[in-house]
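Participant: Between the sequences and the hints, there should be enough to build the whole structure, so can you do that?
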Amino acid sequence: MKYPSLQFRFIYLFLAFFLNLSFPAGSCAQNGHEFSWSGHNGRIRRIIVSDDNKFVITAGEDGTIKIWDKLSGALVRTILVDRNFIYHMAVSKDQQFIAAGLSKSFSVFNFNSGKLLYNKEMGNSIEAVSFTPDSKSLVVATENDSIVQWEAKSEKIINVFEQPNKKITYLDISDDGNYMLAGGDSLLVLWNLKENKIIKQFSDPEYMKNGGVRFFPKSQKFLFSNYEHIAIKDFDGKTIGTPITQFANRTIWSMKISPDEQFLLATTSDHYPAAWNLNTGELVFIYSYSFRLWDVCFTPDGKEYAVVGQSPPVFWNFTNRELVRCFDGLMSKIQSIEQSPDYKQFLIHQFETTDNYTMVSHYLIMDAKTFKLDTICENDAWALTSLSNNNLFTINSGNELREVWDKSTRKKKYSFPKASSSEASKMTISPDGMFVLIEESKLVQLFTTSGSLINQLPRDGSWFEYYAAFSSTGKYVTLSGVEGELPSMLDGKTLEQRTKLQYPQDNTIYMDSEIRHVAFSPDEKLLAGASKSGSMYVWDTETGKMLHILQGSRLIRATFSPDNQYIMGSHADMSTSIWRLSDGALVKTLTLPQAGDPEFTIDPEFRVWKWMEWAFFLP
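Just so we're aligned, residue 1 is where the sequence shown starts under my numbering, counting upward by one.
To be clear, the hints were calculated from the coordinates, so they are not data collected in a lab.
Ideal Cβ placement from N, Cα and C applies to all residues, glycine included.
Some hints here could point you the wrong way.
Restraint-style ranges between C-beta atoms, simulated for each label pair [said to hold, decoys possible]:
{"id": "1", "residue 1": "E605", "residue 2": "N178", "range": "28 to 38 Å"}
{"id": "2", "residue 1": "E155", "residue 2": "Q262", "range": "33 to 43 Å"}
{"id": "3", "residue 1": "V587", "residue 2": "T473", "range": "23 to 33 Å"}
{"id": "4", "residue 1": "K197", "residue 2": "E605", "range": "39 to 49 Å"}
{"id": "5", "residue 1": "D234", "residue 2": "E282", "range": "13 to 23 Å"}
{"id": "6", "residue 1": "F351", "residue 2": "P619", "range": "20 to 30 Å"}
{"id": "7", "residue 1": "N178", "residue 2": "T409", "range": "53 to 63 Å"}
{"id": "8", "residue 1": "T409", "residue 2": "P300", "range": "50 to 60 Å"}
{"id": "9", "residue 1": "V587", "residue 2": "I198", "range": "50 to 60 Å"}
{"id": "10", "residue 1": "I198", "residue 2": "K218", "range": "18 to 28 Å"}
{"id": "11", "residue 1": "I454", "residue 2": "N110", "range": "47 to 57 Å"}
Mimicking DSSO-like on lysine-lysine, the simulated pairs with C-alpha atoms at most 27 Å apart in a straight line are [stated by the list, open to error]:
{"id": "12", "residue 1": "K194", "residue 2": "K166"}
{"id": "13", "residue 1": "K238", "residue 2": "K303"}
{"id": "14", "residue 1": "K545", "residue 2": "K532"}
{"id": "15", "residue 1": "K256", "residue 2": "K104"}
{"id": "16", "residue 1": "K153", "residue 2": "K588"}
{"id": "17", "residue 1": "K442", "residue 2": "K344"}
{"id": "18", "residue 1": "K93", "residue 2": "K238"}
{"id": "19", "residue 1": "K426", "residue 2": "K500"}
{"id": "20", "residue 1": "K303", "residue 2": "K54"}
{"id": "21", "residue 1": "K413", "residue 2": "K493"}
{"id": "22", "residue 1": "K197", "residue 2": "K120"}
{"id": "23", "residue 1": "K303", "residue 2": "K256"}
{"id": "24", "residue 1": "K411", "residue 2": "K369"}
{"id": "25", "residue 1": "K54", "residue 2": "K136"}
{"id": "26", "residue 1": "K303", "residue 2": "K167"}
{"id": "27", "residue 1": "K303", "residue 2": "K426"}
{"id": "28", "residue 1": "K372", "residue 2": "K412"}
{"id": "29", "residue 1": "K412", "residue 2": "K426"}
{"id": "30", "residue 1": "K221", "residue 2": "K93"}
{"id": "31", "residue 1": "K54", "residue 2": "K104"}
{"id": "32", "residue 1": "K588", "residue 2": "K525"}
{"id": "33", "residue 1": "K197", "residue 2": "K167"}
{"id": "34", "residue 1": "K166", "residue 2": "K221"}
{"id": "35", "residue 1": "K500", "residue 2": "K475"}
{"id": "36", "residue 1": "K218", "residue 2": "K93"}
{"id": "37", "residue 1": "K344", "residue 2": "K54"}
{"id": "38", "residue 1": "K54", "residue 2": "K218"}
{"id": "39", "residue 1": "K120", "residue 2": "K167"}
{"id": "40", "residue 1": "K532", "residue 2": "K588"}
Facilitator: Written out as structure tokens, the structure reads:
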């Protein structure tokens, strides 16, 4: 959100006394943490929040429809409709279908897969697309033509509604599915949708071509807008109350009624979104944007609203107008993300260069269910991190910075001495926050988080060859990374040797390259190693027996699902594979990001949150 330029502020302040003109309680920049909705290349024409309040669907001038996870702001799916503008969009209430209206054609897609079901070329301009509330049919209106009702899943024509004057520029269907309003060129028609009968025709001069209609969600009333006013009408055409005139001589691009029928939200061609109390006609708020807005919407519970246009969607609390979520460029400076062993939190490391050319690292904790961010600390080092389950995490950079921090106090708990060699070191904290494993090129040491040395082991190799992980209770710790060697399974509290991992009995498989990442299953029964060559190895932690060798492209990360049913491999080419552990079958591949897609995507089926090439299971 941008504030008005200085030269207009005195005008706005003056108007505030008469129009209740107000400004947002906060802006994206002031909010501190922002997520990226940079998926559209151009303006966003339409926005819809799904009935379950889980998804946000946007349609853009770039010819794409994008489905977003509302909570996280991550992209779920991109649907390429056409290379031209999408003017109209509708989503069925059962979230099975999406319809897109282009210049002279419309398309219907499967909501869950993005698959095109059918496309229909029409002879005239598409003016409206709307699903019936039962989700079984789609109504499409074309200018200078008729209104056609199609079976949603099969493109079969169910009904053709012959508008008396053949002029249609706006249309709406009542929430009970019984009525339809369609109008244009000084005629508005109220239809019985189920019986294909005209109930009433409104032909007063008031019903000019440039108008719009919107049924009330529960009552037999509707809103009508034209260049002069916005009026509440009953089904006989009688005006209820006093029309709203603040937007006189302006085109209303979009208007929505709150689910409780108490408020109207509308936006105009000259950058104003505004809201009114429909019972009193009182203006609740009006904002000024520095760019054109195309659409507005309420969330299904009526607690939030969003506006779109030349900027990504911004969600505001309707009652106090405070910023709820601004998806306008957050995590573009992320260096790494670590997930806690219990899947509940993420530790995010951001790194940026300031205007003074100094380097600053930000360390943030994000809740994996709410996606709320909390900045914990900052420093001037590029660092590696690890995260426990109980508010403790580690930061280490080079051979000097080696610290344990407490999220709850935002204070450093302990700082380990400088490494014994000039080589850089790595730190891994145990899930219970009791121990820290520190790896150097020639030495591996186990400490308490208060700095007491428990044990140490000599190592032979360079620092970057080694990868460590604790099991979920800290019972085991594993070290890996040497090319051609199996990972070692050690006691998580003593570093004593535990299970010895085995090659397959036929010995036809050997470790063809180093293990890039290791992970334990939540129940500690399995250990996985993701190799540079693309092989995912899975062992039984009690017997050491190799259970699976899962093949893919170059791997950089292994992750088990919280229910111990699946294992996921993150590939260097930014794709992701999910295998079923019971039989080793590949059950899903999350494809490469498309051009223009944001860095964050989400798979709703497996609840997988992806950042670039890394992927995480959500709780």
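Participant: Taking the hints in turn, state whether each one holds.
Facilitator: Cross-check of the supplied hints:
{"no.": "1", "hint": "E605 / N178: 28 to 38 Å", "result": "holds, 35 Å"}
{"no.": "2", "hint": "E155 / Q262: 33 to 43 Å", "result": "holds, 39 Å"}
{"no.": "3", "hint": "V587 / T473: 23 to 33 Å", "result": "holds, 28 Å"}
{"no.": "4", "hint": "K197 / E605: 39 to 49 Å", "result": "holds, 43 Å"}
{"no.": "5", "hint": "D234 / E282: 13 to 23 Å", "result": "holds, 21 Å"}
{"no.": "6", "hint": "F351 / P619: 20 to 30 Å", "result": "holds, 27 Å"}
{"no.": "7", "hint": "N178 / T409: 53 to 63 Å", "result": "holds, 60 Å"}
{"no.": "8", "hint": "T409 / P300: 50 to 60 Å", "result": "violated, 39 Å"}
{"no.": "9", "hint": "V587 / I198: 50 to 60 Å", "result": "holds, 53 Å"}
{"no.": "10", "hint": "I198 / K218: 18 to 28 Å", "result": "holds, 24 Å"}
{"no.": "11", "hint": "I454 / N110: 47 to 57 Å", "result": "holds, 56 Å"}
{"no.": "12", "hint": "K194 / K166", "result": "holds, 20 Å"}
{"no.": "13", "hint": "K238 / K303", "result": "violated, 30 Å"}
{"no.": "14", "hint": "K545 / K532", "result": "holds, 21 Å"}
{"no.": "15", "hint": "K256 / K104", "result": "holds, 25 Å"}
{"no.": "16", "hint": "K153 / K588", "result": "holds, 25 Å"}
{"no.": "17", "hint": "K442 / K344", "result": "violated, 34 Å"}
{"no.": "18", "hint": "K93 / K238", "result": "violated, 31 Å"}
{"no.": "19", "hint": "K426 / K500", "result": "holds, 24 Å"}
{"no.": "20", "hint": "K303 / K54", "result": "holds, 14 Å"}
{"no.": "21", "hint": "K413 / K493", "result": "holds, 20 Å"}
{"no.": "22", "hint": "K197 / K120", "result": "holds, 25 Å"}
{"no.": "23", "hint": "K303 / K256", "result": "holds, 13 Å"}
{"no.": "24", "hint": "K411 / K369", "result": "holds, 25 Å"}
{"no.": "25", "hint": "K54 / K136", "result": "holds, 22 Å"}
{"no.": "26", "hint": "K303 / K167", "result": "violated, 36 Å"}
{"no.": "27", "hint": "K303 / K426", "result": "violated, 46 Å"}
{"no.": "28", "hint": "K372 / K412", "result": "holds, 22 Å"}
{"no.": "29", "hint": "K412 / K426", "result": "holds, 18 Å"}
{"no.": "30", "hint": "K221 / K93", "result": "holds, 22 Å"}
{"no.": "31", "hint": "K54 / K104", "result": "violated, 31 Å"}
{"no.": "32", "hint": "K588 / K525", "result": "holds, 23 Å"}
{"no.": "33", "hint": "K197 / K167", "result": "holds, 17 Å"}
{"no.": "34", "hint": "K166 / K221", "result": "holds, 24 Å"}
{"no.": "35", "hint": "K500 / K475", "result": "holds, 15 Å"}
{"no.": "36", "hint": "K218 / K93", "result": "holds, 16 Å"}
{"no.": "37", "hint": "K344 / K54", "result": "holds, 19 Å"}
{"no.": "38", "hint": "K54 / K218", "result": "holds, 23 Å"}
{"no.": "39", "hint": "K120 / K167", "result": "holds, 20 Å"}
{"no.": "40", "hint": "K532 / K588", "result": "holds, 21 Å"}
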